[in-house]
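Residue-level listing of the chains:
Number of protein chains: 2
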Amino acid sequence: MDARNLLRFFFLSFTLAIALLLTWLHFPSLPDKAELLDCSTNSGSCTFNFNKRFRLKNPTLIKKPTDLPRRRHESDKPRHPLDPLTVQEVNKVRAILSAHPLFKSTYSINSLVLEEPDKTLVRAWKRGDPLLPRKASVIARVNGVVHLLTVDLTSNQVTRHETAPFSGYPITTVEDMVGALDAPLTNAQFNRTITERGVDMNDVACLPISPGWYGEAEENRRVIKVQCYSRQGTVNFYMRPIEGLTVLVDLDTKQVLSISDKGRNIPIPDGVDTDYRYSVQKLNGVLNLVNPISIEQPKGPSFTIDGHYVKWANWEFHLKPDPRAGAIISQVKVRDPETSELRDVMYKGFVSELFVPYMDPTEGWYFKTYMDAGEYGFGLQAMSLDPLNDCPRNAYYVDAVFASADGTPYVRPNMLCVFESYAGDIAWRHAECPLTDLQVTEVRPKVTLVVRMAAAVANYDYIVDWEFQTDGLIRSKVGLSGILMVKGSKYENMNQAPNEYLYGTLLSENVVGVIHDHYITYRLDMDIDGSDNSFVKVDIKKQETAAGESPRKSYLKAVKNVAKTEKDAQIRLQLYNPSEFHVINPSKKTRVGNSVGYKVVPGPQAASLMDPEDPPQKRGAFTDNQIWVTPYNRSEQWAGGLFVYQSRGDDTLQVWSDRDRPIENKDIVVWYTAGFHHIPCQEDYPIMPTVSSSFDLKPVNFFEKNPILRLPPNFETDLPVCKPPDSA
Amino acid sequence: MDARNLLRFFFLSFTLAIALLLTWLHFPSLPDKAELLDCSTNSGSCTFNFNKRFRLKNPTLIKKPTDLPRRRHESDKPRHPLDPLTVQEVNKVRAILSAHPLFKSTYSINSLVLEEPDKTLVRAWKRGDPLLPRKASVIARVNGVVHLLTVDLTSNQVTRHETAPFSGYPITTVEDMVGALDAPLTNAQFNRTITERGVDMNDVACLPISPGWYGEAEENRRVIKVQCYSRQGTVNFYMRPIEGLTVLVDLDTKQVLSISDKGRNIPIPDGVDTDYRYSVQKLNGVLNLVNPISIEQPKGPSFTIDGHYVKWANWEFHLKPDPRAGAIISQVKVRDPETSELRDVMYKGFVSELFVPYMDPTEGWYFKTYMDAGEYGFGLQAMSLDPLNDCPRNAYYVDAVFASADGTPYVRPNMLCVFESYAGDIAWRHAECPLTDLQVTEVRPKVTLVVRMAAAVANYDYIVDWEFQTDGLIRSKVGLSGILMVKGSKYENMNQAPNEYLYGTLLSENVVGVIHDHYITYRLDMDIDGSDNSFVKVDIKKQETAAGESPRKSYLKAVKNVAKTEKDAQIRLQLYNPSEFHVINPSKKTRVGNSVGYKVVPGPQAASLMDPEDPPQKRGAFTDNQIWVTPYNRSEQWAGGLFVYQSRGDDTLQVWSDRDRPIENKDIVVWYTAGFHHIPCQEDYPIMPTVSSSFDLKPVNFFEKNPILRLPPNFETDLPVCKPPDSA
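Chain order of the listed sequences is A and Y.
Under the numbering used here, the first residue of the first sequence carries the number 1, and numbering increases by one thereafter.
Under the numbering used here, the first residue of the second sequence carries the number 1, and numbering increases by one thereafter.
It should be emphasised that the hints constitute simulated quantities derived from the structure, not laboratory data.
Treat the hints with care, as some may be off.
Unchecked claim - Derived coverage of chain A by chain Y (criterion: at least 3 residues anywhere in the stretch with Cβ under 8 Å from a Cβ of chain Y; other residues may be distant):
1. 453-462
2. 537-545
Unchecked claim - The calculated DMTMM-like cross-link candidates involving lysine to aspartate or glutamate, where the alpha carbons are at most 25 Å apart (straight line), are:
3. A/705 / A/316
4. A/311 / A/718
5. A/705 / Y/613
6. A/299 / Y/718
7. Y/541 / A/664
8. A/564 / A/549
9. A/589 / Y/492
10. A/541 / A/718
11. A/104 / A/152
12. Y/542 / A/613
13. A/553 / Y/613
14. Y/333 / Y/115
15. A/705 / Y/275
16. A/542 / Y/500
17. Y/477 / A/696
18. A/560 / Y/500
19. A/333 / A/196
20. A/705 / Y/549
21. A/262 / Y/549
Ideal Cβ placement from N, Cα and C applies to all residues, glycine included.
Let the hints inform the model, and build the full structure from the sequences given.
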């Protein structure tokens, strides 16, 4: 690997895949090693002892050790219609494609994933039934043309073959990125300006930045913008921008199209004390603020994972890694405590798209309006989680199998984790007055199940959690951490620029954190007790009383409005015109006659304020509302469109929704966008403390009564007996 | 105790106090008992071993066991100027008052608390200095007149004596409540209607309900409204309302003034399966969903509590129980990792008032517009916490010393808890691409310190948390649980009332959960590096680009507006007109020239929509804005006024703020109101899963950089070695 191109493999590389496959049998076998320890008496050391760790509560489901989750995947078999393609299946797809005439030319595979069977078939499938026919959905570029193919793994045939109907290009591949980062290095002007700025070429680190789309001049050509940093003295090169230097590269020809070189008067920030690694702090003095703390489960976890199927407490769902969405949860069902019946809540939930526009219109910055899922692959950027820190000690990890640009499968170990969380919170409580004869204090602790992924899209890190509560609530949370995208500045102190607008905050000498927004759009295919549902806006309105009606002048009234068509369900939240947002099953009522439902409960919010005609906002028009509801359409999965890279916004959620199709008593999909305005502050430098937002899916007259009324409290006699490690 | 008056002592009773004091030495001494166990090797059993449990990190602060937190309070001495009055001090105040001519008449003491020394004196006081002179602030009613007194514990004199300048009455006493609940029982009409409704008088449970204020007819007379329930067959009598029966009682004469008896056609709901106690579920089948789970700290907690002074990680603050506010945190300081200096953040923070208007204008409901702190005492209603369930196993508990209506001190054990929480969350992280030579994945776990109180104001339970993060953020969270206030209904199914508005949701046969709001108003006396601060609204505005300036049409710009006077800081949140809300110290800048500050970050919100001229909204006018800022005024502590019971709204935060006093570069106080609209759903029946909201106080250019950059990650070798209890 060329030492001058430290980031040429910035994104996912198939080399990792090959290396992993080749060295498969040479890795120390962690499960085997850990099995020497006895989990039942020594929970702390059992991270890899899956057999005992994943205690199966229902004896009929007990698997032989060979059936239990393992770290080797070459012989994995699919067990559920939604299971992702296995290593063997990806290899088979690759073999089928190799035999296809199209793939005789130079090609790149931009996406190779399971083509999910029809929803009706999946919903009808039961464990024990034969697996539904397996198919792969492939997006490939051949000679500059984007092809959509279906590969049937039963007939070993390509059964569908279309060319792309929309503007934009598919997710970039690692080869694209390597090429983009290589291109400037052979350009004399680039080398000259780097050297003249006093940066050693060995210290140059570059990022490939999606260009957005700004009009016809940028059409019919796949381009990328390359900006560079000095990594001298710190791994945190993001804090040392070579400001004003932007190289436009043709992604297909690998040619440098133009160089914008305007920041020579801007010093490169010195990067002192920006390295965030523990190994470096150890030398400078670690801040040891708190004693070790751990979540411990003396009798083991309460969940089981059979393949990709998770069972925990009163929940069951399918969980799979996806290269574009990250984590996908499907067929989410909750058990009704009254009837013991498993009831449908959501057919599929995932992060459909992200939109991160920066708020600086100047030449080196205006185009930074990332759409991370469709441009880079949100799942592809989710690196292996760090055990004990990304997830607590009691976590179980799920590996991903992805395909590289030539169709070779590779494994991303520990891409997702699943764990039970207990923060000391309360599920419900009531205390009576102690001096009545009702000496009642009843409190139930709150334990949840968390599914986590952490995607590092270049500098930024997104922590995406799905959290399941026993009371039927699902919380979807996204945390932002990682490293700011900063701008070099000639200023060392704000007193040098009393009247100049910097587009952000001066974070350190010569470092400006540029203001930006984050939008994370979730696709939530709700199925409340079946597919045909309605969306009900329950408006909370001031009602004035009539003269003489009451000593009160006013009260709040709940008024239900069933959305007939999509435009009825384009929701902008208003604090002084509030509503609840219910998804109900109009055909099913509770015993006392309320429609069963779930409500979408927004969390803290920010809304996009950009001009709707601004090109980035047209592409990111799925953020125009916080909530949308569309009729189920298999092809409408990605809020920013199937092809997002350089897209013009002709295939977004906004376009679909504006068709205003009927949505009453239909299979409907809810879209929720979480937003953040981020004005950076010095505390975000050189690495950001996590900031979070969340929203809830909450049962509303779904259950006949509180579903966790019969939950027991904690008892001291159930809790573990623990010792510090040094006394063990 | 008369068996027919089961709830006559519904609120805090001095009998408990006396009983506790008398039986003091006869209680099993839990600390002594637990000290037999060795905490250092057996953390799980050491709940009461305070000595070893509260490991003191700084050797100079190590106390002898007798100085450490104990469960006996009769010899407690104050150690800090803000420490609450001790048992001895309350007794002394009582003795001084007994000798005062005013108290020769029949009197009731409605409030007896420390009169905090002047802020300047407290701020100047250092550990080791002589304690500042101790004074008590007393509110007493004598012959129908409210008196405000200051009792000097040095001179043993009453040094201030005024009568109340405002409308309204002080917090009700338990004697008030007992009298109110007794009154109807001697009324023949009341007895007759109860019997005629088929309820055995032995099964009647009544609630004393504050009447609000609705015009002149209700002035100059202290009244209360009594409504009753059948407790036959369930401890959850709240679910069995005797609808339509309201008794108006004069609180001073104990006379029944009138009886409204209109609900005879409404059946009393049967209350079947509404009992939520574990003991009852045990018979019906417990829902055992998850295995035991616990937060364990092998090396003990990381905090110390010296008297009422808490030190944890980089935080120090004073914590005290208060009968009206619940928990008060004072002198909150955070240590700067760069300079090791302890820096002021907040002088005082607490829940100042609550406002809970119900949305039913009919005769039995219109007046239900509770202001729980000023009417009932939010702290007085905070019963002892349930160890292991209200707080996790690793919690430390703080007792309260309160005064009863005759001035006798009593102890509320375990009123507050303090614990470290770890939910598996991430303080910060970044992962680099593994195939660069930057093989970096650095993640830091997030551990917080939680201070908790749970107040059960009759049916509703409020869980109030202050959560401290090592990154300088303070999260203030309120959780709502407990039991709904429900209305009896003649309907058993919604199909019986297709077009009738029920003012809420039919939760079960004959039970309607009435729609209501909750507002919790916090008083936050921010002191950012000293008292003189400014409030800055950082508006986030759309800025259009000029023609030819950029391919972008628009971007968001941050525009700072310093609030000059109070009206500049009356904030109604708007999603499409957003701002950040900074409290800055205009005299102190960071190295690069930003003003040091903290920002108030609102959480999920609801705003009051009632008519501003509606009597409850006039009294609750402190909820008219989500944020207010006032100049520091020692007398402006209670957002709804010093005297809230039957107040007319002439002493609220809204009245103070409308004076529009200067607030720039002054000692300022921020007021934040968290709001909830609650449309009940069947899941809230018969007891509600907790619903939460929160807001954050977040450093913004307060630190030079991320203050937890140098935090270490978790290591397996630091974590505990645990066994299930049965194998111990």
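Hints versus structure:
1. Interface restraint, the region 453-462 of chain A with chain Y: holds (4 residues with C-beta to C-beta distance below 8 Å; minimum three).
2. Counting residues of the region 537-545 of chain A whose CB lies closer than 8 Å to any CB of chain Y gives 6, so the stated coverage by that chain holds, three being the minimum.
3. Annotation: proposed proximity of residue 705 of chain A to residue 316 of chain A holds, straight-line Cα distance about 20 Å (limit 25 Å).
4. Of the pairs offered as hints, the one joining residue 311 of chain A and residue 718 of chain A holds, with about 22 Å between alpha carbons and a cut-off of 25 Å not exceeded.
5. Distance restraint check for residue 705 of chain A and residue 613 of chain Y: the Cα-Cα separation of roughly 38 Å exceeds the 25 Å cut-off, and the hinted pair is therefore not satisfied.
6. In summary, the hint linking residue 299 of chain A to residue 718 of chain Y is supported, as the alpha carbons are separated by about 21 Å, within the 25 Å threshold.
7. Taken as a hint, the residue 541 of chain Y and residue 664 of chain A pair is broken in the structure, with Cα atoms around 37 Å apart against an allowance of 25 Å.
8. Note on residue 564 of chain A and residue 549 of chain A: the hinted pairing is violated, with a Cα-Cα distance of about 35 Å set against a maximum of 25 Å.
9. Annotation: proposed proximity of residue 589 of chain A to residue 492 of chain Y holds, straight-line Cα distance about 13 Å (limit 25 Å).
10. With a CA separation close to 49 Å, the supplied pair residue 541 of chain A and residue 718 of chain A exceeds the 25 Å bound.
11. Only pairs whose Cα atoms come within 25 Å are accepted, and residue 104 of chain A paired with residue 152 of chain A is accepted, the gap being roughly 19 Å.
12. Of the supplied pair hints, the one linking residue 542 of chain Y and residue 613 of chain A holds, its CA atoms being roughly 13 Å apart against a limit of 25 Å.
13. Annotation: proposed proximity of residue 553 of chain A to residue 613 of chain Y holds, straight-line Cα distance about 8 Å (limit 25 Å).
14. Straight-line distance between C-alpha atoms of residue 333 of chain Y and residue 115 of chain Y comes to about 22 Å, which keeps the hinted pair within the 25 Å bound.
15. Proposed proximity of residue 705 of chain A and residue 275 of chain Y is supported: the alpha carbons are some 12 Å apart, at most 25 Å.
16. For the suggested pair residue 542 of chain A and residue 500 of chain Y, the alpha carbons sit about 18 Å apart, so the restraint of at most 25 Å is met.
17. For a cut-off of 25 Å, the pair hint linking residue 477 of chain Y to residue 696 of chain A stands: about 17 Å separates their Cα positions.
18. With a C-alpha separation of about 13 Å, the suggested pair residue 560 of chain A and residue 500 of chain Y falls inside the 25 Å cut-off, and the hint holds.
19. Between the alpha carbons of residue 333 of chain A and residue 196 of chain A the distance comes to roughly 62 Å, so the proposed pair goes past 25 Å and is violated.
20. The straight-line distance between the Cα atoms of residue 705 of chain A and residue 549 of chain Y is roughly 60 Å, outside the 25 Å bound, and the hint therefore fails.
21. Proposed proximity of residue 262 of chain A and residue 549 of chain Y is supported: the alpha carbons are some 16 Å apart, at most 25 Å.
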